[in-house]
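Visitor: Take a look at the letters that make up each chain.
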Amino acid sequence: KAGVTQTPRYLIKTRGQQVTLSCSPISGHRSVSWYQQTPGQGLQFLFEYFSETQRNKGNFPGRFSGRQFSNSRSEMNVSTLELGDSALYLCASSPVRGITDTQYFGPGTRLTVL
Amino acid sequence: GQQVMQIPQYQHVQEGEDFTTYCNSSTTLSNIQWYKQRPGGHPVFLIQLVKSGEVKKQKRLTFQFGEAKKNSSLHITATQTTDVGTYFCAGVNRDDKIIFGKGTRLHILP
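Chains as they are written, first to last, in this note's numbering: chain U, 58 to 171; chain H, 818 to 927.
Pulled out of the complex, with its shape left as it was, chain H reads as follows (with noise of 0.2 Å):
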């Protein structure tokens, strides 16, 4: 079946330091949706990418869809304890399927 992996699984940074988190799917995406979820809490909706090849940013945090509309990356600038968490991407196939990544849990050093 369908699949979207999500790398990596952990990263540990340093406060400051850059993140980024990877999404590759299996099959082509009507569009990709990203969440983060805080320990204990709840996923919270980031944002969603359509078009191929969009770019989007929020303050430090940069979103890109491929060009294929396969793979995604969320790109976080000089990380803040208030970053700790894990990332999900979720893919919606051609059929309305959403397939969620496994995530990237995301700790930060201080």
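This is chain U alone, in the form it adopts within the complex (with noise of 0.2 Å):
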């Protein structure tokens, strides 16, 4: 089976912009979980979609969005960047749910804002 995709690889931005990061999962599975890594915070959760829904959600503000399309591809949204929102962005699908299955992680979109 082909591994998580994510699309692009590196994105440079500049702040008060918004940019949209989309991330394939491994076929078959359902459930599509985002996160945020930077040298500082370290990994942290953003959101959970399961079936096109949004399942669980991690403490970031309202500039992150999300969403899931009905074949599990997910989008992930930041509005107004700012600079701290530099960070590699991973996403990671499981089959059912992301905090009990096993979690795939793609290789990640590289966001620098400037």
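In short, the hints are calculated from the structure, not lab data.
Just so you know, not all the hints are guaranteed correct.
Unchecked claim - Counterexamples of contact, computed for chain U against chain H with all Cβ distances above 10 Å:
| hint | residue |
| --- | --- |
| 1 | Ala59 |
| 2 | Lys70 |
| 3 | Thr77 |
| 4 | Thr110 |
| 5 | Asn113 |
| 6 | Ile156 |
| 7 | Thr157 |
| 8 | Thr159 |
Stated by the list, open to error - Chain U side only, calculated, beta carbon under 8 Å to chain H, not exhaustive:
| hint | residue |
| --- | --- |
| 9 | Gly99 |
| 10 | Phe102 |
| 11 | Phe107 |
| 12 | Phe121 |
| 13 | Leu147 |
| 14 | Gln160 |
| 15 | Pro164 |
| 16 | Gly165 |
| 17 | Leu168 |
Said to hold, decoys possible - Here are the simulated lysine-lysine pairs, DSS-like style, with alpha carbons at most 27 Å apart:
| hint | chain 1 | residue 1 | chain 2 | residue 2 |
| --- | --- | --- | --- | --- |
| 18 | H | Lys868 | U | Lys114 |
| 19 | H | Lys914 | H | Lys873 |
| 20 | U | Lys58 | H | Lys876 |
| 21 | H | Lys914 | H | Lys874 |
| 22 | H | Lys868 | H | Lys914 |
| 23 | H | Lys914 | H | Lys887 |
| 24 | U | Lys58 | H | Lys868 |
| 25 | H | Lys874 | H | Lys853 |
| 26 | H | Lys887 | H | Lys874 |
| 27 | U | Lys114 | H | Lys874 |
| 28 | H | Lys887 | H | Lys876 |
| 29 | H | Lys876 | H | Lys919 |
| 30 | H | Lys919 | H | Lys868 |
| 31 | H | Lys914 | H | Lys853 |
| 32 | H | Lys919 | U | Lys114 |
| 33 | H | Lys887 | H | Lys868 |
| 34 | H | Lys887 | U | Lys114 |
| 35 | U | Lys114 | H | Lys853 |
Glycine included, C-beta positions come from ideal geometry on N, C-alpha and C.
From the two separate chains plus the hints, produce the assembled complex.
Guide: Set out below in structure tokens:
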């Protein structure tokens, strides 16, 4: 099976812009979770989607949003970008539940905000 | 808020020596997951522990979940250069929130 894919792999934006990141889970996986990884804060959970519904949400401001499509592909959007949003954004797919199933991570999208 | 503390932050060991990383949660966990991330790579799931006092082994890796389900450890016996990377624990609390430790970066000296 193909692994989790994320596009784009690298992105450079300026403050105030918005960005959309895409994640395609492993075929058959219905849960997609998003994480932010930074050197200072480490890995932080953003949200989890299952069957097009947000099932779980971390402690991030409303500028961070996401959605899942009927084919389980997911997108994450960050509006009004801030310098502190520079990070590696990882998505992970799992068969049913990210917090109790094996999670398979994608390679990530490295976002740089200037 | 709930925290998952992981120590040490860095560990340098000679090849062949053992290595242990520890995670401690401020609250009781439903389960704990362990991941390995190679430099420049993405986290790779290693294992999940669910039961109080659970011990699981994967070849040279031994994972433990404390009796109170608040702490966990990963022990690697006789480290090899392929063990290089950062090891993360991730605790899931009773509210289904997953919280990652900051990780332990393992360096192997040849």
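Visitor: Now tell me if each hint is right for this structure.
Guide: Structure-based check of each hint:
1. The non-interface label for alanine 59 of chain U is consistent with chain H: the shortest C-beta to C-beta separation is roughly 15 Å, beyond 10 Å.
2. Against chain H, the non-interface label of lysine 70 of chain U holds: every CB pair exceeds 10 Å, the least being about 21 Å.
3. No beta-carbon of chain H is positioned within 10 Å of the beta-carbon of threonine 77 of chain U; the least distance is around 20 Å.
4. At the 10 Å boundary, the C-beta of threonine 110 of chain U stays outside the reach of chain H, the nearest C-beta of that chain being 14 Å off.
5. Interface exclusion of asparagine 113 of chain U from chain H breaks down, the closest Cβ pair being 6 Å apart, not more than 10 Å.
6. Taking the minimum C-beta to C-beta distance to chain H, about 5 Å, the non-interface status of isoleucine 156 of chain U is violated against the 10 Å cut.
7. Interface exclusion of threonine 157 of chain U from chain H breaks down, the closest Cβ pair being 6 Å apart, not more than 10 Å.
8. Here threonine 159 of chain U does not stay apart from chain H, with its beta-carbon only about 5 Å from theirs, under the 10 Å limit.
9. Taking 8 Å as the C-beta contact cut-off toward chain H, the hint placing glycine 99 of chain U at the interface holds, the least distance being around 4 Å.
10. The beta carbon of phenylalanine 102 of chain U comes within 5 Å of a beta carbon in chain H, closer than 8 Å, and the hint placing it at the interface holds.
11. The beta carbon of phenylalanine 107 of chain U is not positioned within 8 Å of any beta carbon in chain H (closest approach about 12 Å), and the interface hint is therefore violated.
12. With its C-beta approaching chain H no nearer than about 16 Å, phenylalanine 121 of chain U sits outside the 8 Å limit, and its interface hint is violated.
13. Evaluation of the leucine 147 of chain U hint against chain H yields a held restraint, the C-beta minimum of about 6 Å falling below 8 Å.
14. A cut of 8 Å between beta carbons decides the hint on glutamine 160 of chain U: the least distance to chain H is about 6 Å, and the hint holds.
15. Against a cut-off of 8 Å between C-beta atoms, the interface hint on proline 164 of chain U holds, since the closest Cβ of chain H lies about 5 Å away.
16. A cut of 8 Å between beta carbons decides the hint on glycine 165 of chain U: the least distance to chain H is about 6 Å, and the hint holds.
17. Taken as an interface hint, leucine 168 of chain U does not check out: its beta carbon lies about 15 Å from the nearest beta carbon of chain H, beyond 8 Å.
18. A distance of roughly 25 Å separates the Cα atoms of lysine 868 of chain H and lysine 114 of chain U; the hinted pair therefore holds under the 27 Å criterion.
19. A hinted pair counts as satisfied when its Cα atoms are at most 27 Å apart, and lysine 914 of chain H with lysine 873 of chain H qualifies at roughly 23 Å.
20. Taking the CA atoms of lysine 58 of chain U and lysine 876 of chain H, the gap is about 25 Å. The hint holds against a cut of 27 Å.
21. With a CA separation close to 26 Å, the supplied pair lysine 914 of chain H and lysine 874 of chain H stays within the 27 Å bound.
22. Only pairs whose Cα atoms come within 27 Å are accepted, and lysine 868 of chain H paired with lysine 914 of chain H is accepted, the gap being roughly 18 Å.
23. The hinted pair formed by lysine 914 of chain H and lysine 887 of chain H meets the criterion: a straight-line CA distance of about 15 Å does not exceed 27 Å.
24. A C-alpha spacing of about 31 Å is found between lysine 58 of chain U and lysine 868 of chain H, which places the hinted pair above 27 Å, so the restraint is violated.
25. Annotation: proposed proximity of lysine 874 of chain H to lysine 853 of chain H holds, straight-line Cα distance about 15 Å (limit 27 Å).
26. Distance check on the hinted pair: lysine 887 of chain H and lysine 874 of chain H sit about 19 Å apart at the alpha-carbon level, within 27 Å; holds.
27. Taken as a hint, the lysine 114 of chain U and lysine 874 of chain H pair is broken in the structure, with Cα atoms around 32 Å apart against an allowance of 27 Å.
28. This hinted pair checks out: lysine 887 of chain H and lysine 876 of chain H have alpha carbons roughly 25 Å apart, not beyond 27 Å.
29. Only pairs whose Cα atoms come within 27 Å are accepted, and lysine 876 of chain H paired with lysine 919 of chain H is accepted, the gap being roughly 25 Å.
30. A distance of roughly 23 Å separates the Cα atoms of lysine 919 of chain H and lysine 868 of chain H; the hinted pair therefore holds under the 27 Å criterion.
31. The suggested pairing of lysine 914 of chain H with lysine 853 of chain H holds, with an alpha-carbon distance near 20 Å, which does not exceed 27 Å.
32. Only pairs whose Cα atoms come within 27 Å are accepted, and lysine 919 of chain H paired with lysine 114 of chain U is accepted, the gap being roughly 20 Å.
33. This hinted pair checks out: lysine 887 of chain H and lysine 868 of chain H have alpha carbons roughly 11 Å apart, not beyond 27 Å.
34. Taking the CA atoms of lysine 887 of chain H and lysine 114 of chain U, the gap is near 22 Å; set against the 27 Å cutoff, the hint holds.
35. Distance check on the hinted pair: lysine 114 of chain U and lysine 853 of chain H sit about 24 Å apart at the alpha-carbon level, within 27 Å; holds.
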